[in-house]
Amino acid sequence: MFASPNAVIIAMTEADQATHDNHAPFLAHHFDSPRQQFAAGKLGMWLFLLTEILLFGGLFCAYSVYRANHPEMFQDGHLFLDRYLGAVNTCVLIFSSLTMALAVSAAQTDRRRLLVGSLIVTLLCGVGFMGVKFVEYKAKWDHGLVPGQERIAWFVALGWLRKDSPAPERGYQPDADYVRKHLAEHGEEVDDAEATRRAAGLFPFFGCYFGMTALHGLHVLAGMGAITWVLVRSIKGHFGPLYFGPVDFVGLYWHLVDLIWIYLFPLLYLIH
Amino acid sequence: MSEVAVESPRSAENYLTARRGVMSWLFTLDHKRIGVMYLASILAFFLLGGVFALMVRTELIAPGRTIMGRDMYNHMFTLHGAVMVFLFIIPGIPAALGNFVLPIMLGAKDVAFPRLNLASLYMFWGGAVFFVVVLITGGLETGWTFYTPYSTTTGQSSVVAAVVGAFILGFSSIFTAVNFIATVHTMRPAAMGWFKMPLFVWALYATAIIQLLATPVLGITLLLLALERLFGIGFFDPSLNGDPVLFQHFFWFYSHPAVYIMILPGMGITSEIISVFSRKHIFGYRFIAYSSIAIALFGFLVWGHHMFVSGQTRLASMIFSALTFSVSIPSAIKVFNWLSTLYKGSISLETPMCYGLMFIFLFGIGGLTGLFLGSLSTDVHLTDTYFIVAHFHYTMMGSTAIAFIAGIHYWWPKITGKMYSDAWGKFTALLLFVGFNHTFFPQFVSGSRGMPRRYYDYEKLLPAHPDFHGGHWLSSLGSYLVAAAFIMMAGYLLVSIVAGRPAPRNPYGGAGLEWQTSSPPPVENFTTPPVVGDPYDYSKLRFDPRSNDYVRVA
Amino acid sequence: MIARRSRGRGRCRRVAPAMRERNSAACGDCEYQAARSSRRKKEMSEHSHDKHDSSASAHYAHVVPLPVLLAVFIALMLLTFLTVAATWFDLGRWNVWIALIIATIKAALVVLYFMHLRYDHPFNAVVFLSALLTLLLFIALALLDSTTYQPDIRALQETMRNAGS
Chain E
1237 MFASPNAVII AMTEADQATH DNHAPFLAHH FDSPRQQFAA GKLGMWLFLL
1287 TEILLFGGLF CAYSVYRANH PEMFQDGHLF LDRYLGAVNT CVLIFSSLTM
1337 ALAVSAAQTD RRRLLVGSLI VTLLCGVGFM GVKFVEYKAK WDHGLVPGQE
1387 RIAWFVALGW LRKDSPAPER GYQPDADYVR KHLAEHGEEV DDAEATRRAA
1437 GLFPFFGCYF GMTALHGLHV LAGMGAITWV LVRSIKGHFG PLYFGPVDFV
1487 GLYWHLVDLI WIYLFPLLYL IH
Chain Z
495 MSEVAVESPR SAENYLTARR GVMSWLFTLD HKRIGVMYLA SILAFFLLGG
545 VFALMVRTEL IAPGRTIMGR DMYNHMFTLH GAVMVFLFII PGIPAALGNF
595 VLPIMLGAKD VAFPRLNLAS LYMFWGGAVF FVVVLITGGL ETGWTFYTPY
645 STTTGQSSVV AAVVGAFILG FSSIFTAVNF IATVHTMRPA AMGWFKMPLF
695 VWALYATAII QLLATPVLGI TLLLLALERL FGIGFFDPSL NGDPVLFQHF
745 FWFYSHPAVY IMILPGMGIT SEIISVFSRK HIFGYRFIAY SSIAIALFGF
795 LVWGHHMFVS GQTRLASMIF SALTFSVSIP SAIKVFNWLS TLYKGSISLE
845 TPMCYGLMFI FLFGIGGLTG LFLGSLSTDV HLTDTYFIVA HFHYTMMGST
895 AIAFIAGIHY WWPKITGKMY SDAWGKFTAL LLFVGFNHTF FPQFVSGSRG
945 MPRRYYDYEK LLPAHPDFHG GHWLSSLGSY LVAAAFIMMA GYLLVSIVAG
995 RPAPRNPYGG AGLEWQTSSP PPVENFTTPP VVGDPYDYSK LRFDPRSNDY
1045 VRVA
Chain U
20 MIARRSRGRG RCRRVAPAMR ERNSAACGDC EYQAARSSRR KKEMSEHSHD
70 KHDSSASAHY AHVVPLPVLL AVFIALMLLT FLTVAATWFD LGRWNVWIAL
120 IIATIKAALV VLYFMHLRYD HPFNAVVFLS ALLTLLLFIA LALLDSTTYQ
170 PDIRALQETM RNAGS
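Protein chains in written order, with this note's numbering: chain E, 1237 to 1508; chain Z, 495 to 1048; chain U, 20 to 184.
In short, the hints are calculated from the structure, not lab data. It is possible that some hints are incorrect.
Pair by pair, the computed Cβ-Cβ distance ranges are [to be verified]:
| # | chain 1 | residue 1 | chain 2 | residue 2 | range |
| --- | --- | --- | --- | --- | --- |
| 1 | U | 120 | E | 1468 | 38 to 44 Å |
| 2 | Z | 874 | U | 112 | 34 to 40 Å |
| 3 | E | 1471 | Z | 981 | 54 to 60 Å |
Glycine is no exception: its CB is placed at the ideal position from the N, C-alpha and C atoms.
Whenever a hint applies, use it, and build me the whole structure from the sequences.
Shown next, in the form of structure tokens:
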């Protein structure tokens, strides 16, 4: 939503601003006052967040349906996730929410250094979060736990453009050896046949896990993009007590990303 | 942006002429220009969807192969449905007419987020590009409803491209909705409280609520469908412990409220037109306003009525069936209020009113036939027959599309500054009415006698049901009448743009704020601030035959 | 910045829509200040010809005080620890509900304080809650349906297994 079409238009509007005879900074000409503009922007962002809640909500629904109907498959799944890494990520995001809220207060009270500093820290937290995610994802990928892994690899390697490489078969068969060792670590000894069966049975759990965390990760990246945009404008000194809407609204988006993770963490990592 | 000063309603400087050049249109922030571009795009896709419809009807005019094979037929009805639903009727009235009229009705200079509005238009075009890609590459033969596991496993078509296109179109819908709600809340003039707003605004507001709540669920559904097709991530594939009925829950959770996205703006337009052309205050304003919100909310409770034979449990089916009856109540309230408005009104049958009256009649039929489909026992027999096809065409085409046409004709002088020929308009309306009923009424009959939908051929059914051939023949003939009517409509509307009489400020005597500005409006919408009053109070308007205009008297 | 509650009004309701500008006097009750730096004073003197604007926009949004933000942060950290600690004990089916309840408390804190919903125009809260309600409706009915037909699926799978063997 903050991608290129708006970038062209924002540039035009800023040029407008330089020559426009407005009293308040960045007051759009179709608004009567900064208060009206801020109220509209705030409401608009909340309406957009509503749609994000429902987007993730669909995945939460799928999760609920599968967990209710196949609880045993979800029991196994969480053994392969590190709850402490998940907790670290949770703390990182909560901290980033704090710094984002600080950034908004800083913009409102005209403290530019605090604003820029807070935004940078928020960004770094985002980087940290994605870093931990990368570590987790890599561990899963190495053991074949990602649903559709072969097809994803084939797709990314552009196999679909080459005539000589057919699409891999659908199916899910992670590394049975790894599964057997992992189950043994958690106190359950199984033979090879059982390990293979249990490995295949991890499918609904990891389908949900990757669906939800990947979509969430994409939103974190989008949020980081938005924060970068706000950061650039903060450094240029656009924001102050009369105009801080964008900081506030991007902050709302970032808090939503945190909010969703607050629910993802127990549902995926803390199944007992 | 542009200079404001000239008072005369025939000022040369209006939103169409203020800035010139393709770039000034492609990068405009003016809601009026965005509305016009939407209108043109949406009508282009209506034409495309209509062509697919004619292909379907021509194939079915006789048993056996007529013009195409069975695979092509599957593509034709699927693409007809997908193009009409996603590229015509869902964006339809809100994007094309709402964008233009809503801010002016509120006395505002623009919508709350003009850049978001432009982004919404770009998203529309982006989604449309994907559908064009679908047409050029594999086509689509899953039915517009994309049911799994067929849609996740068929090798025959470009399902992923279609699904990505629909996903992008969802953003277009959401951005429009965000804009409308924010505009209605924050940009009304001080004198215009909630119950002084025109009912079209109420309708668009209720529609926006649905767009926001429902569209994201479609988004996630399509995303999961694409992932399943591309990477075999099986949420909906039974062979991978997935659940195809869950797909239908996901799909219909959006697609049922979507039909209210389609009909509510049409009802809003009808409220405007019935009142203006009866020269009478709309009856039961508050009831109509509240019923719009009620339809929006109740519409979320009933999606399971599309799934009575899908494998959904009897318990859920009973719940959904009972809730479905509740949704008919607010719609009926509206119909009673329109009829009461007409009663003892001074009715003048200009073209918009012809379409407005057509709406009430056809929506009555469409809505009442929905009751047969809402009750479990009858639905088991009628589902997936032509009865359903007729029902949704009466409501989507006979109601929403007709209301869209009514709105186009009503606001045409305002948007283009030209008057079209009312005689041609009325004749075409009559032809369209006859053609439409000719096409779809026989389908109720065939459907209730068992003619299934989406069937390429009915030759094998003829020994037991010889009347099916006649029914299809009547239906196809009607479709050619409809096509003729639309060609005529395009004709006289386009002629009006080049050779039409210049439109006065208020040709039909409306009392809303949009009739207080020139036709077409200036870029800033108003040169002098409009006077806010009751949008259905016609007592202060008198027709002036010299200027063919309704003028305000004290 | 220490926020003081306005007298007799419970909490500051930011006057949001411009159509209520005429009621901006009502906001005089509220003692929350949006800015107090010298830079702002400089800006105000530059725009001093526009008195209406500077007073109307002086505070059109509440500023969450720093102690409140820090308190919420500490609470969130504690609740995170609590939710992880709860997994060290086996409480059967209660584990998932405890986790969800703690998550909801955390979410409420983020929404009310970090996202300002506590100090905001009430309609924004309506927007947020309606999203949750719609979601709950969707999950409830889909869950109801799918759990009710599981026995049918299992019976069918059983039949197919028996037929195959």
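Hint check:
1. U:120 - E:1468: 38 to 44 Å: 41 Å, holds
2. Z:874 - U:112: 34 to 40 Å: 38 Å, holds
3. E:1471 - Z:981: 54 to 60 Å: 59 Å, holds
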